[in-house]
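Here are the chains, one letter per residue:
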Amino acid sequence: MSEWNYVIGAYALTWAVLVGYAVYLRGRDRRALAMLDDVSHTEERL
Amino acid sequence: MNRGANAATPDSRPAPRWLAPLGAGALLSLLAAQAFGFLASPPDRDMGHLQKIMYVHVPTAWVAMLAFTLVFVASALYLWRRDERHDLFAAANAEVGLILTGLTLALGSIWGRPTWGVWWTWDPRLTTTAILFMIYAGYLALRAFTDDAERRARWSAAIGILAFLNVPIVYMSVRWWRTLHQVQSSPRTMDRTYLWALVLNTLAFTLLGAYLVLRRYHLARRERAAEARLEEASLAHGGVAYV
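Chains as they are written, first to last, in the numbering used here: chain A, 1 to 46; chain B, 1001 to 1243.
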């Protein structure tokens, strides 16, 4: 395998991990916001 | 309200406005630094183009070590002040540090296959880094499986302090047990082009690491706010008085 394959593989993995983690944080942030909304509705009902 | 984890009330405010520009700036810095590394640095005499992997391997290791140092500092501050924000900040650093340590190991493996001829070897630097990864994975597992916020914060702080003992061992491992992994390069022994590319990439990764930690920290505060309000609402619904 050419050394460029290893270099490209290393950079692709780096970006995949960084972008993947950013997307994961975004999704989890949305779930937290939705949970806060749910709690607010529950509080209003009570 | 109990003392400790609830001493500082978690809030649900959105992340500060400067966080998005920080993320965009970090992203652009990383793109520019990587472009510089690819375009400006010639192939190394021994490693050839594989040397370019150092521009991601070394910065990810650096930011991970920095994050674990901040886990140590924030954990000590938590035990001293009992402010939940320190606990959440430590946890955010532990998560980012863990991800970057995993990435460091994987990038080292990709570099090691064509250079050393193996994907993995039980070299002291690799072994101590793998142990570091497992320790912080344990730290996050403990947090995930402990429901009581105050106990979770106290135990995490103790582990966050003890786990840091391995960080200087990882750093010094290449000097104490000289085996396959090379010792740290010095600016005096590096060509200026390689040095600049490494410094720029390290700065860009540090900026990106700061963004990810702060993003994770604000997310943790929001989750804690939801958790705390849910607890209060369920207590009120059950007719239990709370203060």
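It is possible that part of the hints are untrue.
Claimed, not checked - Facing chain A, according to a computed beta carbon distance under 7 Å, are these residues of chain B, among others:
1. L1105
2. R1222
3. L1230
4. A1233
5. L1235
If you're looking for bench data, these hints aren't it; they were derived computationally from the structure. Bear in mind the structure is a predicted one, so any value in this text is a computation, not a measurement. Positions of the beta carbon are idealized from the N, C-alpha and C atoms, including for glycine.
To see whether the hints hold, each was checked on the structure:
1. L1105: violated, 11 Å
2. R1222: Hint holds; B/R1222 Cβ to chain A Cβ min 4 Å, cut 7 Å.
3. L1230: holds, 5 Å
4. A1233: OK, holds: B/A1233 within 7 Å of chain A, min 5 Å.
5. L1235: violated, 11 Å
In this structure, the hints that do not hold are numbers 1, 5, in rising order.
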